[in-house]
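All chains should be built: construct the whole structure from the sequences, respecting the hints.
Chains as they are written, first to last, in this note's numbering: chain A, 1284 to 1556; chain B, 421 to 733.
Since the hints were made in silico from the structure, they are not lab data. None of the values given here were measured: they were computed from a predicted structure. Cβ coordinates follow ideal geometry from the N, Cα and C atoms, glycine included. If a hint is listed, it holds; no wrong ones were tucked in.
Across the chosen pairs, the derived CB separations fall in these ranges:
(1) Leu1331(A) / Gly678(B): 31 to 37 Å
(2) Arg441(B) / Ala1352(A): 48 to 54 Å
(3) Ala458(B) / Ser1322(A): 54 to 60 Å
(4) Ala1314(A) / Gly678(B): 24 to 30 Å
(5) Ser537(B) / Arg1466(A): 41 to 47 Å
(6) Glu492(B) / Pro1382(A): 41 to 47 Å
(7) Leu1413(A) / Met650(B): 45 to 51 Å
(8) Val1536(A) / Val515(B): 29 to 35 Å
(9) Ser537(B) / Leu1356(A): 40 to 46 Å
(10) Lys623(B) / Leu1356(A): 35 to 41 Å
Example chain A residues on the side facing chain B (calculated, C-beta under 7 Å, incomplete):
(11) Trp1312
(12) Ile1368
(13) Phe1387
(14) Leu1397
Covered stretches of chain A, as calculated for chain B (at least 3 residues, CB under 8 Å):
(15) 1317-1327
(16) 1370-1377
The primary structure of each chain is shown beneath.
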Amino acid sequence: MSFWPAMARAFLWALLLSLGVLVIYPLLWMALNGFRSNSQIFDTPFGLPDSWALTHYAAAWEATRGFLAASLLVTLVSTVTTVAISAWTAYGLTRTPMPGQPLFVAFILGGMMLSPTVALVPLVRMLQGLGIYDTQGALILLYTAFRVPFTTFLIRAYMLDLPRDLDEAATMDGASPGTIFRRIILPLCSPILISCIVLHILFAWNEYLFAMIFTNSPGVQTLPVGLSSMLSKQGTNFATLFAAMTISALPIVILFFLTQRYFIRGLTEGIGK
Amino acid sequence: MTDIHQDPGAATRQEPGATSRRVIQEFWRLRWVAVAVALVGSFVYWPIIDNFRVSLTHQDIFTGETSPAGLENYLRLTEDPVIGLALWNNLAYAVISVLFQVFGAFLLAAIIEGLGSPRARAFWRAVYFIPSAISTTVTGLLFYFIYQPDMGLLDGILKGLGLGYWSRVWLGNPDTAIYAIIAMSQWQGFGYAALLFSVAIQKIPAELYDAARMDGAGALRQIWSITLPMTREMTGMMVIITVTGAFQVFNEVMVMTGGGPNNASQVLGTWLYEQGFNQNDMGYAAAIGSLIFAVTMACGLAQLWLNARRRVT
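Quick look at the structure:
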């Protein structure tokens, strides 16, 4: 039985449908403009492309390949470092004896409250001092540092719910904390680890603030920065820019559909706990 | 595994080297948090402290000269008309986002979760979520084009509806620029918020609705008396998260207008960037950073307070 009375249902479906069109149509327009010629784009915002040739997509691929590679590197490496460090930290915070443990919990999770914008000015000098300004290493370092609090928070919440007897039994059998972590707890945490991996990929692939300020060279810059600089570089060659935007959005949309379940769990755990 | 340090008094009673060994043992236990504390401490906490130091100086990144400024940078904050404008824009961002991404999203989630078919529910949740997965650089650029006169989708639609006289340079007009950006943000963010509300609504026991239905309560009445009060915590949380986000906004504005025209769409984040990285006035930029810190900290503390209260009740 449906919650909604029959009359209301028709109205609500119309509402949902028009909202759906409002969401999807601009994205479709973006992808389609990657096929249309420039004159067609300037002529009218509507209508299907004259041809489905992939010329603009090929040009966009050429123009964004370097940025894509940089994004891929930064995203993959920072995902591994962030999730590994967070899992290790969450294990220590939940399942090992430690002096001043509540203090460390507060310190690490408290990092979630701090805004990256406020850190910009000091970070410039810091990164220059470390000699990693304008390198992908700087982005990996910052993405890891700024996402460890949130990722640790998610994994810690999950580990707190795992039964204690497992560790105790393993300790009886002479397993060291490191072994328990690797062999028992980590495999049990795989659902939340996947959520964390997906969420971090989403963050790192889309991050703009740090990437824009701390990198300058084309070989170093990631996709979001590359795209915004393409607007000035490509001039009025809008079709290629639309194609590049589509290329940049597509991987993450596909990832979302493939991993929806984990994605949603991670998001809701993050806010609902 | 037997732990020789299980008895805390044992070390002091025995040989003298044991005390230092005990200290080492205690430190060794911190190996689990050492990396995270070092990373978060040096790249998340330390910059905030350093930011306060910088805000009390005049800096020139080219000559490298630093001179003490006292509270001059903070006084400038109060005299800078763009700060007032930026605060207003951030506030507009917050109010409109709360309207759409908290209350609008709540209603949408209530509508979706009231649908009969689970597949339809999953479908709409996923469709509305898509824009949230895409980077603000892409959505910002996309709406930059949508708002363009002539070639843009918005003017095209307005003309198609016979509303051509509404058409304007949405991002180039100081009166509309920030609202055009805010509108894009709502388009991008409402599905994410609705998804979170959906999860909160799913946790409400079905018996409550059954009982209400027995009493003859209609759908709207049920939303008002059951769904709304039962998701109150989520609503409170979402208000705080949305407001915090609104005061940290940067990408959307940077990509779509860069704060223009004539600073009309500046927000605190972009003004910090402009002052620090285009005008090279790092001291003043740091003072703007302190202002952002104060606002987001207040929001963060409100969130902690809400969490603590929830744990108790």
